[in-house]
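S.K.: Next come the chains, spelled out residue by residue.
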Amino acid sequence: DTAVSQTPKYLVTQMGNDKSIKCEQNLGHDTMYWYKQDSKKFLKIMFSYNNKELIINETVPNRFSPKSPDKAHLNLHINSLELGDSAVYFCASSQDWQGRAFFGQGTRLTVV
Amino acid sequence: SQQGEEDPQALSIQEGENATMNCSYKTSINNLQWYRQNSGRGLVHLILIRSNEREKHSGRLRVTLDTSKKSSSLLITASRAADTASYFCATDEGGSYIPTFGRGTSLIVHP
Numbered sequence: 001d002t003a004v005s006q007t008p009k010y011l012v013t014q015m016g017n018d019k020s021i022k023c024e025q026n027l028g029h030d031t032m033y034w035y036k037q038d039s040k041k042f043l044k045i046m047f048s049y050n051n052k053e054l055i056i057n058e059t060v061p062n063r064f065s066p067k068s069p070d071k072a073h074l075n076l077h078i079n080s081l082e083l084g085d086s087a088v089y090f091c092a093s094s095q096d097w098q099g100r101a102f103f104g105q106g107t108r109l110t111v112v
Numbered sequence: 001s002q003q004g005e006e007d008p009q010a011l012s013i014q015e016g017e018n019a020t021m022n023c024s025y026k027t028s029i030n031n032l033q034w035y036r037q038n039s040g041r042g043l044v045h046l047i048l049i050r051s052n053e054r055e056k057h058s059g060r061l062r063v064t065l066d067t068s069k070k071s072s073s074l075l076i077t078a079s080r081a082a083d084t085a086s087y088f089c090a091t092d093e094g095g096s097y098i099p100t101f102g103r104g105t106s107l108i109v110h111p
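Chain order of the listed sequences is A and B.
If you use my numbering, the first sequence corresponds to residues 1 to 112, in order.
If you use my numbering, the second sequence corresponds to residues 1 to 111, in order.
Rather than coming from a laboratory, the hints here were simulated on the basis of the structure.
This structure is a prediction, so every number in the text was calculated from the model and none was measured.
One should not assume that every hint holds.
Claimed, not checked - Just the calculated beta-carbon pair ranges, DEER-fashion:
| no. | chain 1 | residue 1 | chain 2 | residue 2 | range |
| --- | --- | --- | --- | --- | --- |
| 1 | A | Ala3 | B | Ser51 | 35 to 45 Å |
| 2 | B | Lys26 | A | Thr7 | 27 to 37 Å |
| 3 | B | Glu5 | A | Glu53 | 33 to 43 Å |
| 4 | A | Gln95 | B | Asn22 | 39 to 49 Å |
| 5 | A | Asp30 | B | Arg50 | 14 to 24 Å |
| 6 | A | Ala3 | B | Ala10 | 47 to 57 Å |
| 7 | B | Asn30 | A | Thr110 | 16 to 26 Å |
| 8 | B | Thr64 | A | Gln14 | 20 to 30 Å |
| 9 | B | Glu55 | A | Gly28 | 29 to 39 Å |
| 10 | B | Ser12 | A | Lys9 | 41 to 51 Å |
| 11 | A | Thr7 | B | Asn38 | 12 to 22 Å |
| 12 | A | Gly28 | B | Glu5 | 39 to 49 Å |
| 13 | B | Asn18 | A | His77 | 39 to 49 Å |
Built from N, CA and C at the ideal position, the CB exists for glycine as well.
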């Protein structure tokens, strides 16, 4: 079974649309993350979340919002998509904020 | 903000050679991790080294940490074509514990 799974793997959408990327982990981890990887492979933390605290990278536009229905899920919702949002988005989880992170396979978002 | 910086950005070697990648960071850390990313895939954890450790080994991988220089190195010995990937270091920015990555080193191992 896949430890951290994201859907969809590919997402092509038009500017201005609202979209969501789903992430689920079956590892029983307490902490989940969303990262954005740009075309130069730079991985930027967007959000980190456990059942007690959400930490938001202050550089992330408020069009991006994480939603966690339960401990095993951390979905990423994006409003009013822009061309610059095109990137690969990775979900990850870890037992705690000091442990190794397990990554999903990524969602390649293309905004046209 | 970006924490770890890998060096070199790209490395091309022949199979059987050793590959060394370096990572420098700016603030104090609790631990430093190395990850590998194959093209089009997610990151896979390789090694975690804590701030009170100086060296760790895992198979053909050797990681060193010098907290006085705020730097770490990843050595892959006897490289194989299958080692071709991007390698990232991740540190927890002083106090936040959130794994923060650099831009990675792209390693190509020619058969």
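S.K.: All the hints need checking, so say for each whether the structure fits it.
M.R.: Going through the hints against the structure:
no. : hint                            : result
1   : A/Ala3 to B/Ser51: 35 to 45 Å   : violated (27 Å)
2   : B/Lys26 to A/Thr7: 27 to 37 Å   : holds (36 Å)
3   : B/Glu5 to A/Glu53: 33 to 43 Å   : violated (28 Å)
4   : A/Gln95 to B/Asn22: 39 to 49 Å  : violated (28 Å)
5   : A/Asp30 to B/Arg50: 14 to 24 Å  : holds (20 Å)
6   : A/Ala3 to B/Ala10: 47 to 57 Å   : violated (30 Å)
7   : B/Asn30 to A/Thr110: 16 to 26 Å : violated (37 Å)
8   : B/Thr64 to A/Gln14: 20 to 30 Å  : violated (49 Å)
9   : B/Glu55 to A/Gly28: 29 to 39 Å  : holds (31 Å)
10  : B/Ser12 to A/Lys9: 41 to 51 Å   : violated (30 Å)
11  : A/Thr7 to B/Asn38: 12 to 22 Å   : holds (20 Å)
12  : A/Gly28 to B/Glu5: 39 to 49 Å   : violated (33 Å)
13  : B/Asn18 to A/His77: 39 to 49 Å  : holds (45 Å)
In this structure, the earlier hints numbered 1, 3, 4, 6, 7, 8, 10 and 12 are contradicted, and the remaining ones agree with it.
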